[in-house]
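Could you put together the complete structure from these sequences and hints?
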Amino acid sequence: MLKKFDKKDEESGGGSNPFQHLEKSAVLQEARVFNETPINPRKCAHILTKILYLINQGEHLGTTEATEAFFAMTKLFQSNDPTLRRMCYLTIKEMSCIAEDVIIVTSSLTKDMTGKEDNYRGPAVRALCQITDSTMLQAIERYMKQAIVDKVPSVSSSALVSSLHLLKCSFDVVKRWVNEAQEAASSDNIMVQYHALGLLYHVRKNDRLAVNKMISKVTRHGLKSPFAYCMMIRVASKQLEEEDGSRDSPLFDFIESCLRNKHEMVVYEAASAIVNLPGCSAKELAPAVSVLQLFCSSPKAALRYAAVRTLNKVAMKHPSAVTACNLDLENLVTDSNRSIATLAITTLLKTGSENSIDRLMKQISSFMSEISDEFKVVVVQAISALCQKYPRKHAVLMNFLFTMLRGEGGFEYKRAIVDCIISIIEENSESKETGLSHLCEFIEDCEFTVLATRILHLLGQEGPKTTNPSKYIRFIYNRVVLEHEEVRAGAVSALAKFGAQNEEMLPSILVLLKRCVMDDDNEVRDRATFYLNVLEQKQKALNAGYILNGLTVSIPGLERALQQYTLEPSEKPFDLKSVPLATAPMAEQRTESTPITAVKQPEKVAATRQEIFQEQLAAVPEFRGLGPLFKSSPEPVALTESETEYVIRCTKHTFTNHMVFQFDCTNTLNDQTLENVTV
1 MLKKFDKKDE
11 ESGGGSNPFQ
21 HLEKSAVLQE
31 ARVFNETPIN
41 PRKCAHILTK
51 ILYLINQGEH
61 LGTTEATEAF
71 FAMTKLFQSN
81 DPTLRRMCYL
91 TIKEMSCIAE
101 DVIIVTSSLT
111 KDMTGKEDNY
121 RGPAVRALCQ
131 ITDSTMLQAI
141 ERYMKQAIVD
151 KVPSVSSSAL
161 VSSLHLLKCS
171 FDVVKRWVNE
181 AQEAASSDNI
191 MVQYHALGLL
201 YHVRKNDRLA
211 VNKMISKVTR
221 HGLKSPFAYC
231 MMIRVASKQL
241 EEEDGSRDSP
251 LFDFIESCLR
261 NKHEMVVYEA
271 ASAIVNLPGC
281 SAKELAPAVS
291 VLQLFCSSPK
301 AALRYAAVRT
311 LNKVAMKHPS
321 AVTACNLDLE
331 NLVTDSNRSI
341 ATLAITTLLK
351 TGSENSIDRL
361 MKQISSFMSE
371 ISDEFKVVVV
381 QAISALCQKY
391 PRKHAVLMNF
401 LFTMLRGEGG
411 FEYKRAIVDC
421 IISIIEENSE
431 SKETGLSHLC
441 EFIEDCEFTV
451 LATRILHLLG
461 QEGPKTTNPS
471 KYIRFIYNRV
481 VLEHEEVRAG
491 AVSALAKFGA
501 QNEEMLPSIL
511 VLLKRCVMDD
521 DNEVRDRATF
531 YLNVLEQKQK
541 ALNAGYILNG
551 LTVSIPGLER
561 ALQQYTLEPS
571 EKPFDLKSVP
581 LATAPMAEQR
591 TESTPITAVK
601 QPEKVAATRQ
611 EIFQEQLAAV
621 PEFRGLGPLF
631 KSSPEPVALT
641 ESETEYVIRC
651 TKHTFTNHMV
661 FQFDCTNTLN
671 DQTLENVTV
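In terms of full-length UniProt numbering, the sequence shown has 270 at position 270, counting the first letter as 1, and numbering is strictly consecutive.
In case anyone wonders, no lab produced these hints; they're calculated from the structure. Here a beta-carbon is modelled for each residue, glycine too, at the ideal position from N, C-alpha and C. Any given hint could turn out to be false.
Lysine-lysine pairs mimicking DSS-like chemistry, simulated, CA-CA at most 27 Å apart [to be verified]:
hint, residue 1, residue 2
1, Lys-151, Lys-75
2, Lys-465, Lys-393
3, Lys-116, Lys-168
4, Lys-217, Lys-238
Quick list of simulated restraints, FRET-style, between CB atoms [unchecked claim]:
hint, residue 1, residue 2, range
5, Arg-176, Glu-611, 48 to 56 Å
6, Gly-625, Leu-548, 45 to 53 Å
7, Ser-216, Ser-16, 51 to 59 Å
8, Met-316, Glu-485, 34 to 42 Å
See the structure below:
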């Protein structure tokens, strides 16, 4: 009987989750019903549903309680109720990795698997394979071979998919079932053929020649299953990528022949594969683009979406190849599906002319609020590409970006806009002041720390060089007053950069930094104190060295030098002077290509203290598996005052993936003994 919910029911929670307040102990208590005779199928199926719900919600079942419930459940095989039997199979699969001795149901499952009831046979095969390990597999091998070539498609598919899962633990046994899988591959049932070819491919995937033979056989004889065709297209394109095969390859010919298949799914898969093949020329893309162009006028929304999404990808690398579809894309701009319309416009933005930009931007702004963040990011990426292509359109595009920035949206979307605006500011000096002003407004109510600190860094870099730098100070100092510690620290660094470059503003900056010295956060106080002391010296060299210029070494070079230092431990501390400087892009590239051995290796000194620690730590059973000791701290750190009754000192031992802290506790009182000391 169906109960009709009206609005009142809905408000009072009538349609809420019936399993919301389940308790594990109560459900396991209910499971004792399984032992009753006669079995109540409806009640038992409901209890199994509750157990499955708890497991899928992440509730932890202990081994003992799971095993008890599992053993009680085995009694349910006495009932012939089809719903209860299917629930049993599901529960067996879910509990197979929690309960012990699940193999006890093997005989019941084997009986169902070879029985006359077709509805039970497929699920029984899947449940049996879930609980079978490599030692038990040979006992059911005969049944599995029979099931693979079974006349009932659901049984055959279940056996093939289960064989695919068994490959992970028993490759050699499953490999012996290839003849049966070959027979199933010529089945008229589309799912059986698809699953059989999937199994055959995974058995042979490490043998490139065998895979090529498999594809050529498919090309000669054809397939009935569109799913199998899609899979073979993916296999062929993977082979092409691995071989760096030329477009004259029979594999490419196979993919291209699939563009003429009667199934739309296969045609799209082939077009998508050609488009995604690396190094395709516009000529080779042409047949795939033609097919996608036809899909643009399809009555099916899914096909129109797939076509325009793929054309959007093509337009990034080969805009000229997509120009032929511009008319079809123009028709999609007014599509009722907003996702399709967005993709159509962004594709046109990549392929269209400079004159069409204003019109397209007007169209897209009419429904920007209706589309998801994912598509908004696509729009921003298209605008970013346009900025590089048509520098004269910076003003139009910048205004559009600021409107988007003020709207609602998540982190990825806002980050994409900020990235785009920053790239425009860097490329076009005329748009710098407008861009910085808008970014200042954005950080007034920006909820993302990463973006706020990034913009503050940009203001510190570019703000002092503008005609009126003082107008940015208010926005930066507001962050010190209103934001949390990470943003406050970024704002302090930005203020210091203004003070280091503008003498007129220095007195005001010093006043602001003095206020920051009283901040609650260590990092903010430290930065403010440091910058204040540097700026008070009024020396350009100090300002340049400690405020304006960051780390002057090559970051990849530093990484390599540190890695080398970890491989060759030494008593000498790491020397930053051994790292190459990051002078210019060319120098950076040269340091990139220098091999690790070119970095000066520290001399090896006999580390006797280190060896003693290594021996002491190796004697502790828990530390034996930590590997070699890389470094121990040179001096123990005192954690207590020296006058206290007991003195505690800590030594840090660094291993490859672990840190070990050694606490030495010394009792200074003669008349007292310390016992059961814990850290």
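Can you confirm whether the C-alpha distance between Lys-116 and Lys-168 stays at or below 27 Å? Answer violated: Lys-116 to Lys-168 is near 30 Å, above 27 Å.
- Message: The hint says 34 to 42 Å between Met-316 and Glu-485; measuring C-beta to C-beta, is that right?
- Response: The hinted range 34 to 42 Å holds for Met-316 and Glu-485, with Cβ atoms some 40 Å apart.
Taking the Cβ atom of Gly-625 and the Cβ atom of Leu-548, is their distance within the range 45 to 53 Å?
Holds, since Gly-625 and Leu-548 (Cβ atoms, about 48 Å apart) stay within the stated range.
Point to revise | Distance restraint evaluation - Arg-176, Glu-611, Cβ atoms, bounds 48 to 56 Å | key: holds (55 Å)
Check: Given the hinted pair Lys-151 and Lys-75, is their alpha-carbon gap at most 27 Å?
Finding: Since the Cα atoms of Lys-151 and Lys-75 sit roughly 31 Å apart, the hinted pair is violated (cutoff 27 Å).
- Can the restraint linking Lys-217 and Lys-238 be considered satisfied, given a maximum Cα separation of 27 Å? Holds, at roughly 18 Å.
message: Is 51 to 59 Å respected by the C-beta to C-beta distance linking Ser-216 and Ser-16?
response: Since the Cβ atoms of Ser-216 and Ser-16 sit about 57 Å apart, the hinted range of 51 to 59 Å holds.
Run the distance test for Lys-465 versus Lys-393: straight-line Cα separation, threshold 27 Å.
Distance ~24 Å between Lys-465 and Lys-393 Cα, so the pair holds.
Hint check: violations occur at hints 1 and 3; the rest are consistent with the structure.
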